[in-house]
Structures are given as structure tokens and as C-alpha cells.
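Asks: With chain V's structure known, arrange chain F with the ligands on it following the hints.
So the protein lines, in turn, are chains V and F. Those letters in the first sequence? Residues 1 to 427, by full-length UniProt numbering. Those letters in the second sequence? Residues 1 to 427, by full-length UniProt numbering.
None of these hints come from the bench; they were simulated from the model. Note that this is a predicted model, so its numbers are computed, not measured. Virtual Cβ for every residue (Gly too), placed ideally from N, Cα, C. Treat the hints loosely; a few may be bogus.
[What the hints assert, rightly or not] Using C-beta positions, here's what the derived DEER-type ranges look like: (1) V:Glu309 / F:Ala157: 42 to 48 Å; (2) F:Arg158 / V:Arg298: 43 to 49 Å; (3) V:Pro113 / F:Glu171: 51 to 57 Å.
[Unchecked claim] Which chain F residues face chain V? A few, computed with CB under 7 Å, are given here: (4) Val226; (5) His243; (6) Ala275; (7) Glu276; (8) Ala366.
Protein chains: 2
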Amino acid sequence: MATKTSKDIRSESRFMVLRTVYVRGTVTRAQVSAETGLSPATVTTLVGELVEEGVLREAGRISSQGGRPTSTFQANPARGALLAVDVAETYVRVDLFDASLVRVDQERVDLAPGTQSIATIAERIGVCITVILARHPELEGEVLGAGISLPGQVDPARGVDVFAPNWDWHEVPLMEELEKAVPVPVRIDNPLMALATGELWFGAGRRFRHFVAVNLGTGVGAGIIVDGQLLRGPGNSAGEWGHTTLVWGGRACRCGRSGCVEAYVGVEGIRATVAEIDPEHELLAVPHHRDFVERLMRAEAAGDPTAREALLRTGDYLAAAVGNLVNLLNPEHVSVLGWITRYAGWELQERVRERIAQECLPGPSAALSIEFTEADGEGVSLGMAVLALEGFLERVGLPSPSSPPTPVVPAAGRGPRTGWAVPQREG
Amino acid sequence: MATKTSKDIRSESRFMVLRTVYVRGTVTRAQVSAETGLSPATVTTLVGELVEEGVLREAGRISSQGGRPTSTFQANPARGALLAVDVAETYVRVDLFDASLVRVDQERVDLAPGTQSIATIAERIGVCITVILARHPELEGEVLGAGISLPGQVDPARGVDVFAPNWDWHEVPLMEELEKAVPVPVRIDNPLMALATGELWFGAGRRFRHFVAVNLGTGVGAGIIVDGQLLRGPGNSAGEWGHTTLVWGGRACRCGRSGCVEAYVGVEGIRATVAEIDPEHELLAVPHHRDFVERLMRAEAAGDPTAREALLRTGDYLAAAVGNLVNLLNPEHVSVLGWITRYAGWELQERVRERIAQECLPGPSAALSIEFTEADGEGVSLGMAVLALEGFLERVGLPSPSSPPTPVVPAAGRGPRTGWAVPQREG
Ligand SMILES: [Zn+2]
Ligand SMILES: [Zn+2]
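Chain V on its own, in the form it takes in the complex (with noise of 0.2 Å):
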């Protein structure tokens, strides 16, 4: 059987003393033990580590209850500072962040419609990046990192984009042309994990150790949080629940599956829905996502009542949808995300709030919150500038695990069994 190594025990222990840092901002070593339940012998380690690579600096000392004055900690924000690239469908966005997770800057690049190259998105995220660093002379040498985030399935273990259909990119590998173009080490994910991340380290995270982050845009996923950690399964896909069938036999997805969640509560799917009220309708001819969900917030506030159904129905496939996440993982919460949420979040809540009592088993439902987050745009870049210092701490402060996991021989089951690996689709 697989195991845990110490190596992951050990890199989880040093993110909950982090994240106690990031989010409580100055910290007492009895705090750390206290919120983590790390014991107080491994968080003095931890944090004197943490302390020596220069991540986290002493920031005072307050008297304690035995008035023996304790050091505080916070992270060191002249450690360094870190990258986060978002690249979407229809641009490349650089954010750069300070070691203390501020952004400080931010350059941006739209890209062309249709398919594009890594080559050309290398080069625009080398371009930006180089114009962002042009303007901070004092980072020379002290940026630690880069996070970047691709649309569709990344899979970073190998470095490569597994399948993006906006773009028809099967099985692309990405590093090189990646790590040519970027002057720091490159950290790789997608934008669901990415939001994912920052909704674990500053949203619901917080609160919850059990968690679903749904985003909806123009792709649509969840991120899944399951005892603080989130669930990213061997090939880094998990999540995929714009692409679970809701309406067997419904509408064509661009993965190639019929019905899937995306197809009704994605961006095209508001889309079709409001074709299907009504094929004739001038939102319709809106070529641009974003002008497209705010221009139906636009009708519908003006008493459009095709855009007011189209709403509606968004919701009650919504509401089915994210109940299907609710009994099938029994959250303790679930963070609606997106940008369509900026846009549509307080009418998609309302439908939503309406319905879920009726969609989730009185089980699954019974200590349940659901929030509805106006997103600002930060979610992704946020998340991938966490990775990135998370690359950057398994660079310098985890020795490689001394030597392989043992090869196990599979032991026969109790009974009859029959299997096979799953053939591959074409394409």
C-alpha cells in the first residue's frame, strides 16, 4: 500500500504554522500550538526554521500570563517577493506579490482569439514579468518564485497541460518552453486549484477543515477540501465537477460529454439557456463573456423577463448541482467563487437559497453554510503566489525523503474479482 511520507507530514505541519502566521498576521508560538495542535516542541522547531530561512521574522515580545515576556512572529515581507501569472483564454496577467502575500504590482497582456502556442504564451509571460521587475530595481536576485496558472487539466508532477479544449491542447508539455522564459523557479497549476488555495489559506479555510470552493466563469470546478488539505488525486484533477453529468442526454460540452454542469451553469450554458427561452434574443449577438453576464444582469434588473427566467433556471441548476456536491462529500461549507459572481452572485444566492433545503438529504444539509463571495479578481493570483511559496519552502527547508517508498506486491482481495485499466479516449 502507498504511504504517507514523513516528508508530506512534515511539509502539512509547516503549512499550518504558516497559515496561522499569514492569517493571524503577528503570533505567539503558544498561539501557532494552540490554533494547529502541533505541540509546542515541534512548532519551536518549525518556527525557528521558518525563522532562519528568513520567511518569518521575531516581531516583539509581549508579556505572558506568568509575566515572562514571549517573541512574537510574523512573516518577514523583505524576504523576498513572489510571482503569480493567471493566464486565461483572453489574456496574461502578472501580479506581484511581497513574501507577506501583498500585491505590489501588476502587468497584463491581452492574447488573440483562437488557439495559441506555449511558445507565445511563454513569451508574454516573459514580457510582462520583465516589465514588472524593470520597475522594482531593489527585487533583483530576491524574487522567489513563480506561480502560473494554465487553463484545463495541468498536471505539474509532469509538467504538462493534459487537455484544454478552448485551446485544443492535448498532453502539452509545458516546462521548458516555461522555465526559458521565466528567470525564477516556476511552479504550475490550474485556476481551479489555484482559487482553491487561496479560499484554503484566507477564505473558508479559516473556519473550515471540510469545504467545497466552486468557481464559476467561463470554466466551471470545485475545489475540494477534505480535513484542511485539498484533494488534488494522482493526476492533479480532482475538482472536475463542471464536466459531471446533471441532464443525461442533455446539452453537447465542449469536453465532449453530453449534460455536464458546465453546459448550464457556465457562461455558454446561461447562454444556451437564454437561447432556448428565447432564440431570437439580442443578448444573444454579445460576443464577450463578460459583457454577455453583465449585460443580463443589465435586462434583468430592467424587467427583462427572459433574462429573469434564464436566471431562475441558472439557479435551479445551481442549486441541483451544488447539491450533488453537498450528499455526495457532506461539506461543512461551500464558497460560491467566479467571477460570474461579481456579476450575478446576489440573484444566483437568492435562487439557490430558494431550492437547496430541497436538493441536499436532511443528513448532508443539517450544519451546512453556503456563501456566495463577490470575488475580486484576485482569487487565482492570490492562490498561485501561495504555491509559489509553497515551491519555495520545499526548495530550501525539506530534505528529500531518504529513500523511496518500498514497492509493495498486491495482495490478492477476498473474492472473485475482475478488472481493467480504462482505455483511452482518441483525440
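Replies: For chain F with the ligands alone, kept in the frame of chain V given last:
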């Protein structure tokens, strides 16, 4: 933020040690360390505790590489016995296991059709236990505990059955009646969690850390194993895959929703599919669930086109619903279990095998295996025996946490948020 307590972590380490012993039979400390990833010192401590508690015993000595003999350990079958109780809609069955989890005896009574009270159920369990223990006077005082599986959504923490639709149970308190009828400590759970626990210890859990155990029967569910741990959720109701929407606006489900997976791949779902193809089909007159499935398979083998078509459609629904799990969770493996597989496993597997690649995204299906198990009917009992053993180990072996978890004041998120608790459905 809520945190993992040292109790959880210690319990997980014991679990890993014990499972290694139960799976391997006879082990050295070095083998346990290699398989679990725990340090040799931790393994020495845990094995020592388990030997002291009588759960393990020293089995002998073998010479190690350096020539110095090293001890081997195994489960101690003389250390007590365990009762596993499977309460189904039509029967109560009690299995007696020795402490090395080998079944040694069984007793069963039928339940009359219709709603049951917990008092009746408890009385039947008590009768079976009295009968079985009368046959084993040598076990006087030696039974370590009883694991009782009850239908529906069981919440062990509160000791209630939250929802069991077939008996119209809502928030039924269980423990008083059960503890009155059962002479040993009781641990309760539902069949899905029991089945998944058995699969975790003795099935796919020996080879995979991320997998799903699908249960196909009268009820339908999916035990989700993340990083070697069964996902339960705060209300112990994770895994209600049977009550996720597959067919928006589809068949009414006994849970009150429409279009649920269970209404298509559970036994009542298969019956509804037969009725859709041929409302006059003679199979529809067969009342008992197992008889129905058994006769359906005989009809299919004899060339009945309705039976054939019903099986194909069921396979199509199952492939889409399993595809949903794969895309959402990116497991390494899916085990399909449950009594339906005993009759129709081969035929359903054939159809799922044909369809699954179309239902999965390229990433999540890349390294996926799927296995249909012809269940031997012992899965629930074996799982409940394991859970009873775990309960015993917790009672005797684990210190109480020294203090309750620190309450944390929720911190404000970054950006405006609104949220609400889900209102509860009536009835
Ligand atoms: Zn899709
Ligand atoms: Zn249902």
C-alpha cells in the same frame, strides 16, 4: 480553524500498523515501518502497546540480514471476539468474528415487511446475540464489542439514524435501545461506511490510497477514500452518490429528489427501466429485490430482449454516474461492490467498460482502474467487525485529549461575502 488533534494522528498510525498486520498476517517491525512510512521508533512503540493490550502477539523470530534474529508479530486470535450486526430491511444478521477477523459463526432472523421500530430491531439483535453466544460459552466476558450497521443515514457521533426512507425514520435515537439489548460496547454505522471500511482494510485499500468503493444494491452509495482515510464528513453522511442528480427532471426518487443515480442503477431503478421498455413484462410481478435481479439475468441469458435492453441502459447510466465520480474525485481506482454485482456484475462491467472512456476526461482516467467484485455478502459484516475492533482499540489504547480544541473566532474574508445556513426540509 479546526485542527487535526494528536488523537487523530495517533489513531491513524495505529490503524496503519494494525492494517499491515491484518493484511500481511505475520510481520516484522521493519516491514511495518517500510509499509506505513512510520519511523522505526514509532513502530516499536505502537507494536509494544498493541502487544501489551493483547491485540498482537509475538509469533516467533526470524534471522535478519545482520544475522541477529528479529521478532515477528501477528494478530492475537485468542484475544477476544467481535460481533458484527447487519440490519437490513428484511433481516437482522449477527456474525461472530475472532480477533483476527475470521468469521466463526452466524445467526439470522427475518424482519416482517413494513416499518420497524428501533425497539423491535434491538430486540431481534439481542435474541441473535444470545443464541450465538450460547453456542460459544468459552467467549464469556471475551467479546470486545459489537459493530451494528443500520440502514439510512447514521450519525454515530449523535447516536441517531438521521433518515432511513424505507422505514420512514427521521432522527431516530438508537443508542438507548441498542445498549439495552447488546451486552457489549456498541458502535453504529451504515452499510456504506461498513462496506468501504472492509474494502479499505482488505480490498482496494491494500493497493490504493485514493479510491472509491461503489455499492450497488437496494440502496446505492460510494465510499470515498482520500489519502487512505474514509471520507465521512461532519455528519457521517458523505458518499450519498445514490442521491446525486444524474437525470435532471427524471424519475422520482425515494429520497424526495428527482433524477437521482439510485433511481437508475439501484434495484428499483432497474425495475423502472424494465417498466419503461415493456410495462407488461412478467418480471415486474416479482416482488423480492434479489429474485427480481436473479430472474432478470436468467431472462437476459435466455435472450429476452427487454432484459437485454434494460441491462444495457443500466450499464449506460452506471458508466455516466461512475464517470461523475472519476471526474470529480480523480481516484486511482473504483471498486464496484454490493449484492447486485453478484448477479449482474459481469454484464454491467462489460457495458461500463465500453462506455467509461467517453464519460471520463483524459486527465482523471489516465491511470484509472475499475474492478467489479462479486460480493460474497460478507462485506458489511467484515467492515462492522473492523469498526468494532477500532472502537475497542480507542477505548483501551488511546488517552483522552488533554484539552478540548481551542475555539476560534471567525475572521473576515477578503472581499464582501454573504452566506446563510441551509434551512431544513420539513418531514
Ligand atoms: Zn463537460
Ligand atoms: Zn434520491
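Asks: Please go over all the hints and tell whether each is borne out by the structure.
Replies: Verification of the hints:
1. V:Glu309 / F:Ala157: 42 to 48 Å: This hint holds: roughly 43 Å between Cβ atoms.
2. F:Arg158 / V:Arg298: 43 to 49 Å: holds (48 Å)
3. V:Pro113 / F:Glu171: 51 to 57 Å: Given about 55 Å between the Cβ atoms, the range holds.
4. Val226: Interface hint status for Val226 of chain F: holds (5 Å vs cutoff 7 Å).
5. His243: Hint holds; His243 of chain F Cβ to chain V Cβ min 5 Å, cut 7 Å.
6. Ala275: The hint is violated - Ala275 of chain F has no Cβ within 7 Å of chain V, the shortest such distance being about 17 Å.
7. Glu276: violated (13 Å)
8. Ala366: holds (6 Å)
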